[in-house]
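There are 4 protein chains.
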Amino acid sequence: RTQNMAEIGIGILGGGYMGKAHAVAMSAVGAVFNTKLRPRLEMVCATSPNSAERYRQAYGFQRATDDWRVLVKDPKVEALIIAAPQSSHRAVAEAAFALGKPVFCEKPLGASLADSQAMTAAAQASGCVNMVGFNYIRTPASQFARQLIADGELGEITMFRGEHTEDFYADPKTPASWRTNGQSSGALGDLGSHMINGALALIGPITRVMAETETVHKLRPGGAVTNDDHAQMMCRFESGAMGQMYFSRIATGRKMGYAYEITGTKGALRFDQEDQNAVWLYRTYGPEATRGFTKILTGPAHPDYEPFCQGPGHGTGYQDQIIIEARDFLAAIETNTTIWPSFRDGLEVNRVIAAATASARDSSWQDINPF
Amino acid sequence: RTQNMAEIGIGILGGGYMGKAHAVAMSAVGAVFNTKLRPRLEMVCATSPNSAERYRQAYGFQRATDDWRVLVKDPKVEALIIAAPQSSHRAVAEAAFALGKPVFCEKPLGASLADSQAMTAAAQASGCVNMVGFNYIRTPASQFARQLIADGELGEITMFRGEHTEDFYADPKTPASWRTNGQSSGALGDLGSHMINGALALIGPITRVMAETETVHKLRPGGAVTNDDHAQMMCRFESGAMGQMYFSRIATGRKMGYAYEITGTKGALRFDQEDQNAVWLYRTYGPEATRGFTKILTGPAHPDYEPFCQGPGHGTGYQDQIIIEARDFLAAIETNTTIWPSFRDGLEVNRVIAAATASARDSSWQDINPF
Amino acid sequence: RTQNMAEIGIGILGGGYMGKAHAVAMSAVGAVFNTKLRPRLEMVCATSPNSAERYRQAYGFQRATDDWRVLVKDPKVEALIIAAPQSSHRAVAEAAFALGKPVFCEKPLGASLADSQAMTAAAQASGCVNMVGFNYIRTPASQFARQLIADGELGEITMFRGEHTEDFYADPKTPASWRTNGQSSGALGDLGSHMINGALALIGPITRVMAETETVHKLRPGGAVTNDDHAQMMCRFESGAMGQMYFSRIATGRKMGYAYEITGTKGALRFDQEDQNAVWLYRTYGPEATRGFTKILTGPAHPDYEPFCQGPGHGTGYQDQIIIEARDFLAAIETNTTIWPSFRDGLEVNRVIAAATASARDSSWQDINPF
Amino acid sequence: RTQNMAEIGIGILGGGYMGKAHAVAMSAVGAVFNTKLRPRLEMVCATSPNSAERYRQAYGFQRATDDWRVLVKDPKVEALIIAAPQSSHRAVAEAAFALGKPVFCEKPLGASLADSQAMTAAAQASGCVNMVGFNYIRTPASQFARQLIADGELGEITMFRGEHTEDFYADPKTPASWRTNGQSSGALGDLGSHMINGALALIGPITRVMAETETVHKLRPGGAVTNDDHAQMMCRFESGAMGQMYFSRIATGRKMGYAYEITGTKGALRFDQEDQNAVWLYRTYGPEATRGFTKILTGPAHPDYEPFCQGPGHGTGYQDQIIIEARDFLAAIETNTTIWPSFRDGLEVNRVIAAATASARDSSWQDINPF
Ligand SMILES: NC(=O)C1=CN([C@@H]2O[C@H](COP(=O)(O)OP(=O)(O)OC[C@H]3O[C@@H](n4cnc5c(N)ncnc54)[C@H](O)[C@@H]3O)[C@@H](O)[C@H]2O)C=CC1
Ligand SMILES: NC(=O)C1=CN([C@@H]2O[C@H](COP(=O)(O)OP(=O)(O)OC[C@H]3O[C@@H](n4cnc5c(N)ncnc54)[C@H](O)[C@@H]3O)[C@@H](O)[C@H]2O)C=CC1
Ligand SMILES: NC(=O)C1=CN([C@@H]2O[C@H](COP(=O)(O)OP(=O)(O)OC[C@H]3O[C@@H](n4cnc5c(N)ncnc54)[C@H](O)[C@@H]3O)[C@@H](O)[C@H]2O)C=CC1
Ligand SMILES: NC(=O)C1=CN([C@@H]2O[C@H](COP(=O)(O)OP(=O)(O)OC[C@H]3O[C@@H](n4cnc5c(N)ncnc54)[C@H](O)[C@@H]3O)[C@@H](O)[C@H]2O)C=CC1
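So the sequences go chain by chain: W, X, E and D.
So the first sequence is numbered by the working numbering: it starts at 91 and just counts up by one.
So the second sequence is numbered by the working numbering: it starts at 91 and just counts up by one.
So the third sequence is numbered by the working numbering: it starts at 91 and just counts up by one.
So the fourth sequence is numbered by the working numbering: it starts at 91 and just counts up by one.
If we strip away everything but chain W, and leave its shape as in the complex, we get (with noise of 0.2 Å):
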């Protein structure tokens, strides 16, 4: 663009709800970040020639393809972004690693823990930057509570219950769709991923789980449903606080539901994404009389908000989220050194939804080994 900005060439596959809100994320990442690499929207690739062609013109990209290995092969695309279901995820990122080229990929990782386990391998045999799309955990709010705890303002932790709920397929007559097949793409799965990935972020690895999962609605418009409409888990972290999770896309009423509560011995503290500039803390200082949960407005003084807005309160929203992670790839490429979460933090978490599964069909808790 400018002679001292170095550009770069992304490529992104699929142009759907995450696709589009990657390319508004890299049209605005520069302006917003000052990043010093600025980013190109060079080729997205879509299922058929007409819809690459429609994604194209609306998000400004120069290129279009309906063919993944052109989109991962064209020299232009120096850094790809999978924006496509899981399915597709293994087989792109491989393919993008042999060539050298950076990958973020959105959540879940695999669509099986084989499939986690091969891309992180493959990841880090190649020596690329790549990075898992958990942008919940993201917001300045959540960035802030994962900095309180670690500073230990809440004390020891003794509890962690976390929720990631939406109800878009509340209705039984939501038709079915390539989200209501495979593990992956089911309640725990594919929400649950989110929040593991934040209770790991925030309370430290899982040591073991105990989980149900249930099919509600077991026939939709458009055929069966093989996976999970809602399932709960109990667990422990090595740190020794319990933990309590639920993960619902039936969840009539919660639109946005990736919530905690953390208590510690010290303070507490409580987050609701329906409500995502806002933090509630508590802390044992002072007289009782004054003591209560304080709503704290996200604003400046929070990690990843002035670049918004320099006014607090003032809020930012879902594709603010999405900048944030377009500004870490970035400069994870720029200095070749890969960000949080990594793929390896994709498979963490693959790996407790993987015994979590185990502890479903067993109906036992499951240990997960140190990782």
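No lab work stands behind these hints, which were simulated from the structure alone.
Where hints are given, some of them may not hold.
Note that the list lumps identical chains together, so a pair holds whenever it fits in one copy or between two copies.
What the hints assert, rightly or not - In silico EDC-like cross-links for lysine to aspartate or glutamate, where the CA-CA straight-line distance does not exceed 20 Å:
(1) Lys385 / Asp362
(2) Lys191 / Asp241
(3) Lys385 / Glu243
(4) Lys263 / Glu246
(5) Lys385 / Asp164
Keep in mind it's a predicted model, so treat the numbers as computed, not measured.
With chain W's structure known, arrange chains X, E and D with the ligands on it following the hints.
Same frame as chain W, but now just chains X, E and D with the ligands:
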């Protein structure tokens, strides 16, 4: 008191937290609910003559004693309220039933499952009115929630999440007491009894449980702690709904966290005792654009509210729950018909707690036989 | 009742909304607050012999009458509570004072400024205990708010916003009643009296006002409406703070909107009676990143809470406010010292209302002389 | 950029708070809204060559200048965005219109009523597209609120309460700046302009006002403060509704208090920008027992949400409001039709502010002639 009101002499065991609450309730219930039977505070019993006399004078009883046998046997004591630690419940209740006297017993019913079974058997054998003090489920809000679910307003229930969390033992320097010993006084046995009762009332019988309990602060000034500080549980209801519960007395920041979220196929509701005059209701009516959780403030349109105030949103408080219990106890005596929740209902709670305790010990799911 | 408690015979004028509330309060106050004086419900007075007798029986009074003169004069009626429409307040209070009897009068004090002045003069001339029923400012939360401000926790107050909004007359089909006639029963005179009293208590004297009043629904089943449905007001306090108030009985959706927001140079607080057990406090302490409004749940650390419940967050309700008033009325009688808010405090409210009424009439600022 | 998209060269005056926001918006708007016209960041102008160059590089402009005349005249600058202090607005806008260029001007329109009048006249004389930056009313939530009212969902509006409160000048040690001088930069002129615009959009024309303004902190590091720190106002709308407003930059604890409550005969709604993704709606439908304020989370069912995210409750933020403005500015240019809010709408706001200023000076109601 006046010609056409029948009086009844009330004896209360205990003059502490709950002994006082019941004394106040019995003073106010006649005027609030225009009860047919009007209570007379006949005798209070506490551990020492001094404390008993102090309570007598403060609460306005006629007489005082430090011997529960005197209390139970006194001919002017026509009905008993047991508001002393659970270790005392069984002996006192059995003695009262043997004399044909109605008994209201604070929760949890017995100090053990065996105690609860014996107490329930004694109650049933005697034919006396018997009731357990699960007061939180008595708020206009929770009564209304129960009605909504029973009326099918939420469709089929898919998920119940409940907690009873407080922080009165969050500080490890808080001394040991009768509350820190005995299963029935731990987080699961004491606090859990309220929420398990709530779950049974709202959703119906529980068929299996999986639980964990833990003592976080094992030593306190005054002695070792032998029961649990917090406990978590997953369960299934006979109706098929999943359940998740958590009980804690070390939940930093939580003061009265008797809270539940209930999701059904047609709606959802949320309640938190810390804002006890509100029910949050979501229903799948009307256009998507106007759907959301409605914060309904309790008022004369809800159960047992109007006698306290003609104005909606004006609010009832903790003490009013005990007055509602008093109304039912008096009505039960007057009509000689036991009113929910009876000792049997208290026993049902203890059966779930016993299964949860076994589950925590064995790290396995425990089935609960139909009751 | 018992040897060392002095009894006092209470007479109540009115058995409706507030007559009942005071009867219940007098039944409970002794046990709640361990008062030195113990009330005896001696006589209730209502408009007809039938209703008076009904109230007597329901609330547990000894006797009933339909003639307020009988009530006032009865030798066993040692203290009076006026809980009838404002048109009756003056004559009854004056008669009681003439007999040297303490009077608790429901708000607003008089039906007019002249009435309030006469009543205050009579009270002062008689030397009798006198009190006005501003109950909302009695919650533990509002008492605590008052303390915080008095202690300078908010710095210098720059802004006060208050409202008393309800919707009991939002529906134009709700029939006319005594409430729809007479300035002192309109939104400004009736509801405004509570919030103006609150403003005076929290912030101090008001020195000038500018107001507007309006009757939105001029005709109702049963007759014309001659007082205001809602009113707005700007004011200045002696301290220099700006003020803004709003009073409405047609505030659709508002059930108990006694709410205020107070901003000072060092902090701010918010309160809404619809969630009466919480105070929201902001203070400019500590790093910006952890500042926010703290939701403080009332508990034993706050004024007049513990007698109702030992557990914080367990909550008090509407009826408990009246019990707190009863405690003060009895204490005032016992010590023969008038306790805030006295008739003079009620008159101060009426002076502000009279100035606001003049302002609305003349469309101009009205000064209020020091009192 | 690509064959079938027409490009337009954008010039922005100012690279600070809002200059950056508009630069980001212009980078993202094409991909978000699939606009027909695609913006090219052609030139940025700031006070010094250094700062201009810094902005150019950071935001990705082609060129930079420190002379606004150069910016306006440059042939590749085809549309202007004025994001510099209000003192600059008039001259720049007039120069741009003289050259036939569309102008988007940040709020408030002019530095004085005379400026706003001249600017509106110039805009109309030129026939150029013109728009003012009232971004808060652009959230999906406020657009939806506007729709609800226009559709009569609340019945006839009886009351509007609005505030725009922040605390960026609450600390008296915060230094003086361009914001502390000039009526149009004080609380009434600057913050008030947003909320008055909101009031006009939501409720309609204002016919009279009564206001007070005040400078609480008269001296700051760096100089005297010559404009108001806070201001209050009562008003009447043409529709008959009462209005109450408050504007403050010293509202301790308030970060983004663009908030309103609107009451009508059939319903009510509330909005607070600090939780910008929610509208609270009360309607008088159905049984009393299920009525209450519904917290509606914005989603694809609401205006201008879906382009940002397919998931409801996922949330938009501050920056997204500016992207919505950019969409309208581009659409207006493309179709050569001015889109609300135009300079004339900005002028209407200034007329209300001028009347309020006169009212504060004269302590009297000021009528506002039909516009
Ligand atoms: N981080 C987050 O918040 C979210 C993440 N996701 C994840 O993003 C990924 C994509 O999901 P959505 O965008 O919701 O899906 P979508 O169904 O909206 O779009 C999928 C896109 O992928 C393209 N595609 C699918 N298979 C392809 C193939 N073999 N070759 C080329 N193009 C192909 C389709 O043409 C379409 O453009 C998934 O892994 C999903 O789990 C989805 C939604 C939210
Ligand atoms: N429903 C609710 O919200 C609550 C229920 N409870 C239950 O109420 C019961 C009492 O608890 P608190 O009132 O908190 O206890 P507390 O410790 O405040 O008071 C206990 C009272 O019992 C008396 N007492 C104890 N042992 C006695 C004996 N052998 N003979 C005579 N008097 C004896 C003591 O003198 C004291 O007056 C327990 O079962 C507890 O679980 C307690 C608190 C809240
Ligand atoms: N502090 C508060 O929260 C409230 C205060 N009030 C105030 O309480 C007072 C009473 O209002 P409500 O109880 O709502 O009225 P209500 O209409 O419910 O009851 C009025 C009672 O007064 C009796 N009464 C009326 N005129 C009488 C007369 N001349 N002689 C004997 N009895 C007479 C009636 O029989 C009836 O029992 C009013 O001053 C009102 O402003 C009312 C409601 C709430
Ligand atoms: N819509 C909204 O939410 C907001 C609107 N505003 C409005 O936006 C405008 C700008 O305010 P901010 O961005 O906060 O100011 P700022 O102080 O952050 O930035 C002002 C910019 O204008 C430039 N500038 C000033 N005078 C200039 C001149 N004569 N020639 C060239 N450049 C000049 C400065 O170099 C600087 O880059 C104002 O009208 C303000 O009222 C400000 C903040 C929020």
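Okay, the hints, checked on the actual structure:
no. : hint            : result
1   : Lys385 / Asp362 : both (12 Å within a copy, 14 Å between copies)
2   : Lys191 / Asp241 : neither (36 Å within a copy, 54 Å between copies)
3   : Lys385 / Glu243 : both (16 Å within a copy, 19 Å between copies)
4   : Lys263 / Glu246 : between (46 Å within a copy, 16 Å between copies)
5   : Lys385 / Asp164 : neither (49 Å within a copy, 48 Å between copies)
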